[in-house]
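Whole structure, please, built from the sequences with the hints as guidance.
Chains as they are written, first to last, in the working numbering: chain A, -7 to 153; chain B, 2 to 390.
A few of these clues could be false.
Quick list of in silico lysine to aspartate or glutamate cross-link-like pairs, EDC-like style, CA-CA up to 20 angstroms [unchecked claim]:
no., chain 1, residue 1, chain 2, residue 2
1, B, K21, B, E295
2, A, K137, B, E291
3, A, K137, B, E50
4, B, K376, A, D2
5, B, K83, B, E182
6, B, K376, A, D146
7, B, K160, B, D197
8, A, K137, B, D288
9, A, K(-4), B, E43
10, A, K6, B, E295
11, A, K137, B, E43
Keep in mind that the hints were calculated from the coordinates and are not lab data.
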Amino acid sequence: MRTKILELLDRNAKFTVSDIAAILGEKEEDVEAEIRMLENEKVICGYTALINWDRTEKDFVTALIEVRVTPQRGNGFDKIAERIYRFKEVKSVYLISGAYDLLVNIEGRTLKDVAFFVSDKLSTIDSVISTATHFVLKKYKDHGKILVESRIKDERMIIAP
Amino acid sequence: MSKSYVNKDILNMPKSGIRKFFDIASHMDDVVSLGVGEPDFETPWNIREAAISTLEKGRTSYTANQGLMELRSAICGYLSEKFNINYDPEKEIVCTVGASEGIDIAMKAITEIGDEILVVEPCFVSYKPCVTMAGGIPVVISTKMENDFRLQPEELEAKITPKTKALLISYPNNPTGAIMEREDLEKLVPIIIKHDLLVISDEIYAELTYGTKHVSIAEFPGMKERTIVLNGFSKAFAMTGWRLGYAAGPAEIIDNMNKIHQYIIMCAPTTSQYAGVEALTCENRDDFIEEMAEAYDIRRRLMVSEFNRMGLECFEPKGAFYVFPSIKSTGMTSEEFCEKLLMQEKVATVPGHAFGESGEGHIRCSYAYSVENIKWALSKIAMFVSSLK
Chain A
-7 MRTKILELLD RNAKFTVSDI AAILGEKEED VEAEIRMLEN EKVICGYTAL
43 INWDRTEKDF VTALIEVRVT PQRGNGFDKI AERIYRFKEV KSVYLISGAY
93 DLLVNIEGRT LKDVAFFVSD KLSTIDSVIS TATHFVLKKY KDHGKILVES
143 RIKDERMIIA P
Chain B
2 MSKSYVNKDI LNMPKSGIRK FFDIASHMDD VVSLGVGEPD FETPWNIREA
52 AISTLEKGRT SYTANQGLME LRSAICGYLS EKFNINYDPE KEIVCTVGAS
102 EGIDIAMKAI TEIGDEILVV EPCFVSYKPC VTMAGGIPVV ISTKMENDFR
152 LQPEELEAKI TPKTKALLIS YPNNPTGAIM EREDLEKLVP IIIKHDLLVI
202 SDEIYAELTY GTKHVSIAEF PGMKERTIVL NGFSKAFAMT GWRLGYAAGP
252 AEIIDNMNKI HQYIIMCAPT TSQYAGVEAL TCENRDDFIE EMAEAYDIRR
302 RLMVSEFNRM GLECFEPKGA FYVFPSIKST GMTSEEFCEK LLMQEKVATV
352 PGHAFGESGE GHIRCSYAYS VENIKWALSK IAMFVSSLK
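Take a look at the structure:
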């Protein structure tokens, strides 16, 4: 039941306890208890909506920053990564293979905000050798959903055999 | 009044019961619909891309009447792998413009004036008219909710007369969502063989079964030679608009269906045929089908549970993408119920009556919609039902 609950919530966080109980053919109280347990164990870390901000008035910028660092003896990349991911502007940090080491996703209100973050906070960390900042201009697809779909409305006939 | 130039039989043929609701609903704003009979998924991109690439290459001419050999071979491979029925792509397959054309040309090919064709209801709206247009007499067998809308051997036997030529069945079923399992079909086979009947089996929803796999009646010993299997790409690959289907059956019947097909259609759309080859032969063919079936299954369970909760008894459909709850407890006819629901809550459903007399007392609700849409519509239906109490 655990995995099934997680798969359903991953598919749609709006499923209620009673929806999940109906879909899995389980008792509501059992589903509720299991979800509480998953939350307590931090398997479920939170609930969020996938929003296409480009369709709203809200203005902000997203940047992907390639960071090259010198790993530390004993700690490898973990300590440096921590010094970066603790900043609240940072939305995600991945250790990756290839030409650089960390991929940092950051959000700010303006280009300037992001630029200052990089120059003041990121580049000044001792182990950071270099950074390359790429601003996101347009999001075509995110979390498996196409965001630029021109066809928003259901174009099927209202009733068909 | 001036004389009508229209053939009387056509003139007297009733319009599909769905039409009326469509006319009302399509003139209203903000209707939440559970009324469509087609997938909400888009055709997988690799299939669309394959079609685009054939257009770029200029593959825009007619194909062989019975369809591209490549497609027919792919269909045979697929039918054999999935449903354990084996056909010769040279002689036993014709590609049609949707399974809809298959129904029509099958009827035209087999029916003599006055032949009785058994039509199992509730069913898709075109069966009876296709029988009538072919000069046959549709004889209805009504299935019942207490039997999960499965055709019972005694119901079949009771309707057979010396004039009976064929039996037309469709499982998984539109509109009930019923299926026929192996044991159910097994009981029909001896009766069909004893009375030397032909079977036309519309298996368009074969890929959409829940908790059990589809079984084709053509698989049983002695049945392949007396069965026309109709299938297509619309439901399995979300390709309704491509209009591509196929019929598989005994060489003599297929050859003669192809004769009609050749005179009235020429061939199924070429672009669609190439898309069909990609659909059947691509590596991730079953991944898409499984993913889609899983999404339908989630919605199906939600719907069944919600209808039962609001007091509209709903048997568990094990196939297609419809639920068929009973609205008898409201004391209304299915048409009244659907009309009031549409007017009061702006939710479009289809009265069971549109699919035959035995559909009366039920409504058809499709779950080929997003979960959000379904939940919204269900909450409105619940409101409507409680307003009746």
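Comparing the hints with the structure gives:
1. B:K21 to B:E295: violated (33 angstroms)
2. A:K137 to B:E291: Status holds; Cα separation ~19 angstroms.
3. A:K137 to B:E50: Judged against 20 angstroms, a Cα distance of about 19 angstroms means the pair holds.
4. B:K376 to A:D2: holds (18 angstroms)
5. B:K83 to B:E182: The given pair, whose Cα atoms are some 15 angstroms apart, holds under the 20 angstroms limit.
6. B:K376 to A:D146: holds (16 angstroms)
7. B:K160 to B:D197: holds (14 angstroms)
8. A:K137 to B:D288: This hinted pair holds, its Cα atoms lying about 18 angstroms apart.
9. A:K(-4) to B:E43: violated (25 angstroms)
10. A:K6 to B:E295: With a Cα-Cα distance of about 18 angstroms, the restraint between A:K6 and B:E295 holds, given a limit of 20 angstroms.
11. A:K137 to B:E43: Roughly 13 angstroms separates the two Cα atoms, so the pair holds.
Going through the hint list in order, the structure does not satisfy hints 1, 9.
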